[in-house]
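Chemist: These are the residues of each chain, in order.
2 protein chains.
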Amino acid sequence: MEKKALTINGIPSMIIADPEASLADVLRRQLGLTGTKVGCGTAQCGACSVIMDGKVVRSCVTKMKKVEEGARITTIEGIGSPENLHPIQVAWMVHGGAQCGFCSPGFIVSAKGLLDQNVHPTREDVRDWFQKHRNACRCTGYKPLVDAVMDAARVLRGEISKEDLVYKLPADGRVWGGSHPRPSAVAKVTGTCDYGADLGLKLPPNALQLALVQAKVSHANILSIDASETEKMPGVYKVVTHKDVKGKNRITGLITFPTNKGDGWDRPILCDTKIFQFGDAIAIVCADTIENARAAADKVKVELEELPAYMSAPAAMADDAIEIHPGTPNIYFEQKIAKGEETGPLMAQAAHVVEDDFFVGRQPHLPMEPDVGFAYFDDQGRLTIHSKSIGIHLHHAMICPGLGIEPEKLRLVQNAAGGTFGYKFSPTIEALLGVACMATDRPVFLNFDYYQQITYTGKRSPFFLKLKYGANADGKIIAMESDWSVDHGPYSEFGDLLTVRGAQFIGAGYGIPNIRGIGRTVCTNHAWGSAFRSYGSPQSEFASEVLMDELAEKMGIDPLELRYKNVYRPGDTTPSGCAPDVYSLPELIDKIRPLYEEALEKAKKESTAEKKRGVGVSIGVYGCGLDGPDSSESAVELTPDGITVYSSWEDHGQGADMGCLATAHEALRPMGIQPDKIKLVMNDTAITPNSGPAGGSRSQVVTGQAIRVGCEMLVNAMKKAGGGYRTYDEMVAEKIPLKYEGKWTASACTACDENAQGNPFPAYMYGVFLAEVEVDVKTGKTQVLKMTCACDVGKIANKLVVDGQIYGGLVQGIGLALSEDFDDLKKHVSLVGCGLPYIKDAPDALSAIYVETPRENGPFGASGVGELPLTSPHASIINAIYNACGVRITRLPALPEKVLAGLKSA
Amino acid sequence: MEKKALTINGIPSMIIADPEASLADVLRRQLGLTGTKVGCGTAQCGACSVIMDGKVVRSCVTKMKKVEEGARITTIEGIGSPENLHPIQVAWMVHGGAQCGFCSPGFIVSAKGLLDQNVHPTREDVRDWFQKHRNACRCTGYKPLVDAVMDAARVLRGEISKEDLVYKLPADGRVWGGSHPRPSAVAKVTGTCDYGADLGLKLPPNALQLALVQAKVSHANILSIDASETEKMPGVYKVVTHKDVKGKNRITGLITFPTNKGDGWDRPILCDTKIFQFGDAIAIVCADTIENARAAADKVKVELEELPAYMSAPAAMADDAIEIHPGTPNIYFEQKIAKGEETGPLMAQAAHVVEDDFFVGRQPHLPMEPDVGFAYFDDQGRLTIHSKSIGIHLHHAMICPGLGIEPEKLRLVQNAAGGTFGYKFSPTIEALLGVACMATDRPVFLNFDYYQQITYTGKRSPFFLKLKYGANADGKIIAMESDWSVDHGPYSEFGDLLTVRGAQFIGAGYGIPNIRGIGRTVCTNHAWGSAFRSYGSPQSEFASEVLMDELAEKMGIDPLELRYKNVYRPGDTTPSGCAPDVYSLPELIDKIRPLYEEALEKAKKESTAEKKRGVGVSIGVYGCGLDGPDSSESAVELTPDGITVYSSWEDHGQGADMGCLATAHEALRPMGIQPDKIKLVMNDTAITPNSGPAGGSRSQVVTGQAIRVGCEMLVNAMKKAGGGYRTYDEMVAEKIPLKYEGKWTASACTACDENAQGNPFPAYMYGVFLAEVEVDVKTGKTQVLKMTCACDVGKIANKLVVDGQIYGGLVQGIGLALSEDFDDLKKHVSLVGCGLPYIKDAPDALSAIYVETPRENGPFGASGVGELPLTSPHASIINAIYNACGVRITRLPALPEKVLAGLKSA
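These protein sequences, in sequence, are chains A and B. Residue numbers for the first sequence follow the working numbering, so the first one is 2 and each next one is one higher. Residue numbers for the second sequence follow the working numbering, so the first one is 2 and each next one is one higher.
Derived from the structure by calculation, the hints contain no laboratory data. None of the values given here were measured: they were computed from a predicted structure. Among the clues, some could well be false.
Given that identical chains are not distinguished, each listed pair holds provided it fits within a single copy or across any two copies.
For lysine-lysine, the following DSSO-like pairs were computed, each having C-alpha atoms within a straight-line distance of at most 27 Å [unchecked claim]: (1) K678 with K4; (2) K247 with K841; (3) K233 with K244; (4) K827 with K606; (5) K300 with K239; (6) K300 with K233; (7) K233 with K302; (8) K239 with K217; (9) K5 with K678; (10) K828 with K56; (11) K410 with K217; (12) K787 with K606; (13) K680 with K56; (14) K740 with K67.
Given only the sequences and the hints, what does the whole structure look like? Please build it.
Modeler: Written out as structure tokens, the structure reads:
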């Protein structure tokens, strides 16, 4: 231990710390300064940035021995507080810089470090600074962050006042449709938002720290687990194995489709007989400190019989492959699509036929916050599990029987989540926490490191696709044939639904009258498939959008014009055979066209022999809702202080709070309430109703409607016969109920049938993507110079939230197109290894163009938004690469070596 | 566990806590909000005050289940920060409201609660508020706190600005002699000052929590200690007993006097063969949480053979008493005094003779902060012990052999201390921490609760005195005979020195030419005697000052005038036979006389049959220094940023930092340095020189001199031949040393001889106390209405510090006179039980009158100050009670029932 005198946020402090401990750990665990977040823990994300003696450093890798005696350290807590925000923090709020907010303290600290040195930065200076300091963001696409720094600099230069920057409610008092900063923004920009890791540090002192014993092979039979020595190690309370699990020790996959050949009980909480994938949890060490828990976890002896590991769908589909789950075939689900006439004859007579094979891989979610949670028995004896769950009621049902607990004795709560992008649609550590808590009767806390985040949590399921278009002479597609195999990893949950998404979104956006195809879900030993933003569409639409360019090339016509011919118009139906909710794609293409033409011209002009520029487009379509008659619940209550809205609209970082507030305020506006009088109570199964999971861009539509309904019920109850509204006291005096349950069901929807025909979604989102790229022919490296998205997501509830979703999704599309992957278990195990886009990988030129066609099924005309920007932006980039240099990439990601190989073979 | 949504300091927070946990614990241990201090833990001190939903509550007894969902809580962190102080905090600083500072956050929060409700309080409103909310302070005497609230209210009412309140350096740039707030004030008023309990919570996560197994009897032989079951309990790492102690397992008493019959090795670190007093430490449980440690400590089996317990000096002196330390007589030290002629013949011929018996009891120190500390091995392998030690080098020597560690491998550090008043002149938990750390090789943390603070730590040693004066017809005392027995408890440390203090201070202040007497140190089984402010004089001077009133009464003359006749004048010598340093007592009496006469008149006028008023005076004298040629060391270093002063001037709360700064600045002033360029490095044996312990009012004199010398050496080295001073760069360029060791020795002093004759102190402090009281004849309860102290403590280094010392000492004198005691092991075990004065027990009318006679031996003419106000204020109160109602109390405290009994027998 070393004693040091440091000045932390201006306060002289005596610190006693292990010289080998990280500054981040000392700040967070010893000093309680949890504003400094730890993301990757390996200096790749900058969430932990602090200023030390004037320099921005990543505290997660700054060992205490490198912190000099007398050092002056500034953390986010020293920059501003909720009641005294720094201009950077205000700018961050009004530019929507904090989405999940996990990176915000690090970025803001880093920006402070920049502006302390240079109060006149250019946008490129800002981008260079964040690149150099490795400040990574997965939500915003970076552009709003640069906007925020530029505005903060103006304040610091005295050109405008801080007050000028602050958001003001517009004159009409309307929140809906405006740029109100999300309610959680203040907490997020000041570091006072407690995420799971922060709350975990603030648990009662008797909380146990958990470390997992995890599989280091991908497929094996378990012969024995021996923890007898481990339990004697210092600080170890208990080593929990499958023998300690009271229930079925399985997370149920809630099989949706009766044709599923599995039973959905294939995912162990703690492995008992088999290891199904690398990283599977075998045992949990419960100890007094995380160091003791980890040291002990290393000592648990696990004897295995290794089995052949099937690391892709084709491998698992091979004839000689053994059943990964004995008794269930590795292909456990199939979904046909049959719309219109048989396609065989149509293809034969078509003027133009194109076909190709495509592969979209195992995109990792890469949230800045690794998975984290804790559990305890609450004051009513309920096992209470806090996690990043974006489906608390769903997960309740999925883990309850496995734990062996009565449903009413299980409570799930969502903590503030530092990004999920869908991975938390699946339970991750919830059941592990539950088991450990039940086995020890103590609060327990588990915080993954980033390696665990990557290797344990679910991924986007790779699709292997074959696609064929037949078009008439005019270029109108008359037939489509498709075949897709989904590598869903070893656990079946939602695998059937995902495979159905292939039927729904291959060729989406186009009025293709005749379709035949089949998809299948394949069990493998690679990472289990979980939801990921745009679930199924980035795979499906990659195929249909790149093949569309191939068709255009074959026909010799402009790819945008080919799309224009084919997009939905009245009379057309979706691949599912239903009418789209609105027909805005032609208008969106009209909006994009001039930009597209300008881009083409510019690219031609600016291309050089070394750096070739190109332009690509794609169409993106996605539905809002789970599938079929989706429904949601809310509750709205009049209180002496205002109105409380209860919902389980979970937040990935997308802005659930803002969605709730904007929707509720719009519905309550007739009675003239101020937004600060609306209190949101969210995401606790013990106190908030079942609003369904926050996925599939359903929340603003379905839960938004439930909130609208609840609010309208209250407004109606408060309405006086003679005009005006009753006060709280009047309501109480007249004994009129104060609390109303708002329920809404997408009653017009039907689930898809065995031919994938139906009306699965109450609303859709439409977009056109325009990518401008430059390919370095020497290296094969592609730089995206500009991304534009023209889209119709219905009426916009909040401009900051929607912009943020679009920009962030576009940059995830860049990652998907060019760099992101999780395949190699040695290489793809860090943010950098997985190909996360940093700020200089993203263009500063990101733009969104909106057409706001009101949706009948959305509250106040809104549709969803989150999935749209990641439906097919990567296809536009791939198409742009072809346009630039003639290399057609059909297997993502388009790594430099792949493009280079294409260039060489061309 | 219960999940609650609370708003803490304006920040919405999710809290998971045990419903039975205290809010204070949750704030401090879970949320890291260590600004809220925990003193007594039982709602008696208010250090933990927070505002909850507008009400001031004591968080230490507010269980979480009583904290309502949605509650808004404000802690000191939410009131102001170092960079944005609240007006109450500024007022606290400029009025010297923070001495030790441990109560400051609670008082400031409480004051905020008052001013939120009433921004126009009267002084009595403020006093009522603090009384009602049980805000207790042991340092300040309360008056400065009321002053601060009154000024803060003026700011809040807009009558003055916050800036008006802020301290400004005077035009001459001089710190010395002014009212500069102490350097630690900002941290203390904002709750950012980390005391031991705060640092303990901020230790590395592998730190072990310690709980003691303590004796529940006062005297016993130990038959066996069995911890075998305990070591298996949850979370227990080790149970440490005497068998684990590597060294001699004794704290050495560093026997000062060769005539001491003990060897000084009588105090065990962990009891092995015997229990010597209630609370003795038998074993230490080292566990992961304090709850586990305490639960386990209860299970250690200790088999005892109980022995007769000698709970007072007379009991231990009885013929049949066994030796408490076998081989050493219970009376183990005797000190004669023989000055001038034999007193027997003089008494026989004296015109007036008075004699009486007196008893001053076991006054408890009652600091707001209970004893606390921690230990770890530092980066150089040194066992490093942090505690409240006010003698780090002294304690180093006292515990080193007992621990069995090489001296260079032991390092002692003082934490910010929340009051000691001398009890930390003795080692308390240092050696326990060292043993536990050595046995576990882990950081260890021990935090006493208030019961342990009272029952384990040392107390003022009771004196049983017999005193006799012989005076001539004029009232000049010509002979004094004294006999005093000191109940020093079971441990000999400093017992001999304390007994010598009897010889030095019985009759001090008066030029008594002939003295004979004898004192003895008695080993008992009650609390071990440790230092306490004014060490020995409150006992000695109580006897001589009350007897002086008895003489005056016998002679029929005014007690002040009798004193005036007898106080030191040139030619007189002290009881030790040396000349006093200055002769200011006549002048001090002259200053008091008009107030005294006015008070007598007022008392006569305002006395009623039910409430009798009276006035009393006393003389107080104390020396500054350990005894004999005391010395101290400092170091002063020129750095690129300014000047660093190194010293081990430990702080009880008295203002060591301010003393250092004022003294150094005054010495460095020739070169024109700003005070904020002087950095203080204090109280760490590894980096600060041996300045000797901070006791006996020696620091400002002896260490002040050492600092002066060091600074002057540097100033001289920097002086240029042609005038002006070298810069840092010039010094480096010219290779002139940058660091200087300042040493100073009280070379004129000599220790006392076997007749108690010598010249023990380089400087003295003198005071006259004037007490005005009211006695309720129905209840016997005495209320002190006003206390005045006219004193000469030399040149005043800092007005806030000196005022604070005087006021605080006076109120401790009130406690000593009327209520404080530690005798009954069942009753005297809490602040209230021990008779701590609250604000309404202290008069708002406290005043200090200064005569600043420069001292030759003090830096810039200063003497000490801390001990003076507690030398004899209690005697003036007792004399006032007699003046009011004719009841002469000679055994303290003057509890109502004692006075009532006196009234009844009169």
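Chemist: Is the C-alpha distance from K410 to K217 at most 27 Å within one copy, between copies, in both cases, or in neither?
Modeler: neither (34 Å within a copy, 45 Å between copies)
Chemist: Should K300 paired with K233 be assigned to within, between, both, or neither, using CA atoms and 27 Å as the limit?
Modeler: both (11 Å within a copy, 21 Å between copies)
Chemist: Between copies, within a copy, both or neither: which fits K247 and K841 at Cα up to 27 Å?
Modeler: For K247 and K841, the Cα distance exceeds 27 Å both inside one copy (50 Å) and across copies (61 Å).
Chemist: Indicate which option fits the pair K740, K67 if close means a Cα-Cα distance not exceeding 27 Å: within, between, both or neither.
Modeler: Answer is between: at 26 Å across copies they meet the 27 Å cutoff, but 57 Å inside does not.
Chemist: Go through the copies and call it for K239 and K217: within, between, both or neither, with a Cα cutoff of 27 Å.
Modeler: within (22 Å within a copy, 35 Å between copies)
Chemist: Give the relationship of K300 and K239 under a CA distance limit of 27 Å: within one copy only, between copies only, both, or neither.
Modeler: both (13 Å within a copy, 22 Å between copies)
Chemist: State whether the alpha carbon distance between K827 and K606 is at most 27 Å within one copy, between copies, both, or neither.
Modeler: This pair counts as neither: shortest intra-copy Cα distance 43 Å, inter-copy 95 Å.
Chemist: At most 27 Å between C-alpha atoms: does K828 with K56 qualify within a copy, between copies, both, or neither?
Modeler: neither (31 Å within a copy, 58 Å between copies)
Chemist: 27 Å Cα cut-off: does K678 pair with K4 within a copy, between copies, both or neither?
Modeler: between (48 Å within a copy, 23 Å between copies)
Chemist: State whether the alpha carbon distance between K233 and K244 is at most 27 Å within one copy, between copies, both, or neither.
Modeler: Result: close both inside a copy and across copies, 19 Å intra and 24 Å inter.
Chemist: Treating 27 Å as the Cα threshold, decide for K5 and K678: within, between, both or neither.
Modeler: between (47 Å within a copy, 20 Å between copies)
Chemist: Have a look at K787 and K606 and pick one of within, between, both or neither, based on CA distance no larger than 27 Å.
Modeler: within (16 Å within a copy, 94 Å between copies)
Taken one by one, the earlier hints fail for this structure at numbers 2, 4, 10 and 11, listed in ascending order.
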